[in-house]
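A.B. asks: Start from the sequences and build out the full structure, keeping to the hints where you can.
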Amino acid sequence: MLSAYAVVALYLLLSLGLLGAILLLWWALRPKKPNPLKLEAYECGVQTVGDAWVQFRAQYYIFALIFVLFDVEAVFLFPWAVAYNQLGLYAVIEMALFLLLLLSGLLYAWRKGALEWV
Amino acid sequence: MGQIYDFIYNLLPYLGMWLQGFLRGLGLSEEAVFLVVSLIKVFLLASFGLAGFAVLTYVERKIVARFQDRLGPNMAGPYGILQPVADGIKLLTKEDLMPTGADRWVYNLAPLIIAACALAPLVVIPFGPGAIGADLNIGVLYAMAVGAGALVGVLMAGWGSNNKYALLGAFRAVAQLISYEIPAVFSVVVVVMVAGTMSTVGIVQAQDVPYLFVLPLAALVFLISGVAEVGRTPFDLLEAESEIVAGFHIEYSGMKFALIFMGEFVHALVVSALFAVLFLGGWQGPWLPPYLWTLVKIALGIFLFFWLRATLPRIRIDHMLNLNWKFLTPLMILNLIGVALVDKGLRAVGVTDGIWAAGLFLFNMAMLIGALALPGYLGRRARMAALAAEAEGVEATVAAR
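If you read the protein sequences in the order shown, they are chains A and B.
Residue numbers for the first sequence follow this note's numbering, beginning at 1 and rising by one.
Residue numbers for the second sequence follow this note's numbering, beginning at 119 and rising by one.
Treat the hints with care, since some could be wrong.
Said to hold, decoys possible - Heads up, simulated DSS-like pairs for lysine-lysine below, C-alpha to C-alpha not over 30 Å straight-line:
| hint | chain 1 | residue 1 | chain 2 | residue 2 |
| --- | --- | --- | --- | --- |
| 1 | B | Lys180 | B | Lys212 |
| 2 | A | Lys38 | B | Lys212 |
| 3 | A | Lys33 | B | Lys444 |
| 4 | A | Lys32 | B | Lys462 |
| 5 | B | Lys180 | A | Lys33 |
| 6 | B | Lys208 | A | Lys38 |
| 7 | B | Lys208 | B | Lys282 |
| 8 | A | Lys33 | B | Lys208 |
| 9 | B | Lys444 | A | Lys112 |
| 10 | B | Lys208 | B | Lys180 |
| 11 | A | Lys32 | B | Lys180 |
| 12 | B | Lys282 | A | Lys38 |
| 13 | A | Lys32 | B | Lys282 |
| 14 | B | Lys444 | B | Lys462 |
| 15 | B | Lys212 | B | Lys282 |
Bear in mind the hints are in silico, worked out from the structure with no lab data behind them.
C.D. replies: Okay, structure coming up:
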């Protein structure tokens with residue numbers, strides 16, 4: 001099994017190396033004539049006003065929070081799914097209860113209006 | 119004749135055996151043989167990704183052009199097949215423009231992360247028995263987890279550019295990409311549960327009947343969320359050309375732009391490869407060699423992506439979020455519970471594999487029809503109520519006059 005991970009590591013290194021090589025080739029070939037007008041932020045020809053680094057809207061955080069909830073759930077689900085064939089009915093019903101609890105959490109968020117895009 | 123067919127059928131294993139024998143003949147140690155073979159393997163895989171990107175840019179333009187009654191690229195070479203080469207040369211000779219206010223490191227690293235994260239899952243895609251980069255026992259989890267890393271790259275690109283359109287694209291990316299991760303993970307969990315393993319090879323071997331005909335609902339949801347995660351039409355909100363002029367990659371030029379596009383195309387390739395592995399039975403199929411079956415099934419998925427792009431308009435952001443959070447996610451949670459219980463029930467009764475598959479198929483179809491009928495019914499009722507209220511209002515005004 002360790003050797004399989006060695007192949008994965010080798011693959012990641014090699015693909016990063018290939019992408020880096022492409023960028024290096026580009027660096028060697030490309031023209032380098034910057035001027036201040038070229039380097040302005042693109043806004044369809046209009047002069048930029050202010051900074052783009054503003055605050056995120058809170059709405060996005062709510063979606064991200066619900067996502068984290070379900071992502072953590074996925075961590076529990078994968079091992080359960082692998083072992084599923086060896087598990088009895090008890091474990092299945094237990095997981096069903098866990099999922100229904102989460103679903104009721106989602107329904108609560110829905111009722112509270114957290115899923116509305118205003 | 120039979121020998122030739124056998125050679126072509128088992129081309130990849132034979133090549134692997136020949137290479138190992140050849141290297142041992144050179145007097146190399148086992149570790150060195152392993153290293154050289156793995157290097158060649160990963161190089162082939164990475165080139166498959168890069169070449170796939172070049173081919174797909176051409177094929178997409180050609181196919182979408184046919185859908186729209188145009189010719190598509192037809193100048194560079196016969197039928198325009200040299201168009202990717204021409205594009206590559208053009209992009210290599212383009213200037214690098216970095217906006218003055220940009221965050222240097224974040225801005226420059228983003229394309230690399232997007233492309234690398236898109237390439238990474240290819241290593242667990244099996245192209246035939248034994249023809250796989252690395253048969254991890256957590257293959258599917260690895261593919262999902264690493265593939266999702268591209269989101270970080272998208273966010274970095276949007277934030278680092280210091281451009282308002284790019285920031286809007288990054289906002290939408292956060293809302294869309296992470297949302298659709300959830301139904302995708304759930305449909306993968308359903309498959310893992312039925313197959314009993316997370317290894318991609320194991321999942322392919324478990325499919326006597328392709329899971330498309332056992333778990334059609336999971337397949338459909340995986341496809342929808344796959345399209346959304348790649349960010350292709352109808353879910354291309356994060357780079358909507360007509361609203362936010364390309365969104366998060368607006369400030370990128372030359373090869374960095376190409377890397378971002380490579381990320382998108384290779385991600386589409388990976389999603390259809392995963393779809394082939396999880397639901398279409400991977401390399402399994404009659405007559406054709408395994409690697410050709412894999413490629414045919416991947417091509418089917420890719421064609422579906424192009425077809426969707428040519429057919430559907432972009433959907434609105436609130437519709438996109440509603441579809442995910444109020445429809446797909448609850449549906450997949452219920453589907454997971456239902457499949458688990460029905461499967462346990464059928465196994466407890468002790469039916470044959472055919473009846474087991476038919477039972478799960480019927481359960482999934484019933485669930486799909488119910489899930490489509492319920493929102494339709496609720497929507498109709500709401501519309502009827504609104505119409506009635508409106509009619510009442512009109513009557514009231516008439517009476518008042």
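A.B. asks: Are the hints correct? Go through all of them and say.
C.D. replies: Now the hints, each set against the structure:
{"no.": "1", "hint": "B:Lys180 x B:Lys212", "result": "25 Å, holds"}
{"no.": "2", "hint": "A:Lys38 x B:Lys212", "result": "13 Å, holds"}
{"no.": "3", "hint": "A:Lys33 x B:Lys444", "result": "51 Å, violated"}
{"no.": "4", "hint": "A:Lys32 x B:Lys462", "result": "66 Å, violated"}
{"no.": "5", "hint": "B:Lys180 x A:Lys33", "result": "35 Å, violated"}
{"no.": "6", "hint": "B:Lys208 x A:Lys38", "result": "19 Å, holds"}
{"no.": "7", "hint": "B:Lys208 x B:Lys282", "result": "28 Å, holds"}
{"no.": "8", "hint": "A:Lys33 x B:Lys208", "result": "17 Å, holds"}
{"no.": "9", "hint": "B:Lys444 x A:Lys112", "result": "13 Å, holds"}
{"no.": "10", "hint": "B:Lys208 x B:Lys180", "result": "19 Å, holds"}
{"no.": "11", "hint": "A:Lys32 x B:Lys180", "result": "34 Å, violated"}
{"no.": "12", "hint": "B:Lys282 x A:Lys38", "result": "17 Å, holds"}
{"no.": "13", "hint": "A:Lys32 x B:Lys282", "result": "26 Å, holds"}
{"no.": "14", "hint": "B:Lys444 x B:Lys462", "result": "28 Å, holds"}
{"no.": "15", "hint": "B:Lys212 x B:Lys282", "result": "24 Å, holds"}
Figure legend: structure checked against the earlier numbered hints; hints not met, in rising order: 3, 4, 5, 11.
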